[in-house]
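**Student:** Residue numbers 42 to 197, in my numbering, belong to the letters of the sequence shown in order.
Any given hint could turn out to be false.
Unchecked claim - No more than 30 Å apart at the CA atoms, straight line, and that leaves these computed lysine-lysine pairs for DSS-like: (1) Lys59 to Lys69; (2) Lys57 to Lys105; (3) Lys96 to Lys81; (4) Lys71 to Lys105.
Just so you know, these hints were derived from the structure itself, not from any lab. Values in this document were obtained by computation on a predicted structure and should not be read as measured data.
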Amino acid sequence: MAELDSTYFSKVGLTKLKSELESLKTKKRKEIANRLEYAKSLGDLSENSEYQEAKESQILNEAKIAELEDMLRRAVVVEHSASLGQVDIGSQVTVEDALGKRLNFTIVGANEASPAENKISNESPLGKALLNHKKFDAVSVHTPKGVLEYKIIDII
Numbered sequence: 042m043a044e045l046d047s048t049y050f051s052k053v054g055l056t057k058l059k060s061e062l063e064s065l066k067t068k069k070r071k072e073i074a075n076r077l078e079y080a081k082s083l084g085d086l087s088e089n090s091e092y093q094e095a096k097e098s099q100i101l102n103e104a105k106i107a108e109l110e111d112m113l114r115r116a117v118v119v120e121h122s123a124s125l126g127q128v129d130i131g132s133q134v135t136v137e138d139a140l141g142k143r144l145n146f147t148i149v150g151a152n153e154a155s156p157a158e159n160k161i162s163n164e165s166p167l168g169k170a171l172l173n174h175k176k177f178d179a180v181s182v183h184t185p186k187g188v189l190e191y192k193i194i195d196i197i
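Could you build all of it, start to finish, from the sequences and the hints given here?
**Tutor:** The structure is reproduced here in structure tokens:
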């Protein structure tokens, strides 16, 4: 069983994470090093805004690298199996609300969530409510605006 602090990813999400990390370690570091070198060539570093901005970029980049490396250490790749017939990470789910409106979502790990792409986190209220349910199950989602009811129409 995965640890509580695990970070869940699809194969695609993990590949994107590794790619972003590699880009920060190579391209971004080199770009910042070049900016620092240029800023140093301007002279007095104590009042050199270019140098200060480049140092700030370096600090932020290294913090992001550390964050992504930590996520990678805790990464658990989730293999979706539609044959199980229940909602899990990686499932594409169609639900119907109380008014008959149908919504389509893909359940993903928190780090892959993107509402604009209809990717919702397994940790979101709706994601939590849908997990482990089967086709035609009714689920209740507790939100700040009250309880919303959904019926699972399809799971892919």
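**Student:** Each hint needs a verdict: does it hold in this structure or not?
**Tutor:** Status of the hints after comparison with the structure:
1. Lys59 to Lys69: Since the Cα atoms of Lys59 and Lys69 sit roughly 14 Å apart, the hinted pair holds (cutoff 30 Å).
2. Lys57 to Lys105: holds (15 Å)
3. Lys96 to Lys81: holds (11 Å)
4. Lys71 to Lys105: Between Lys71 and Lys105 the Cα gap is close to 15 Å, so the pair holds against 30 Å.
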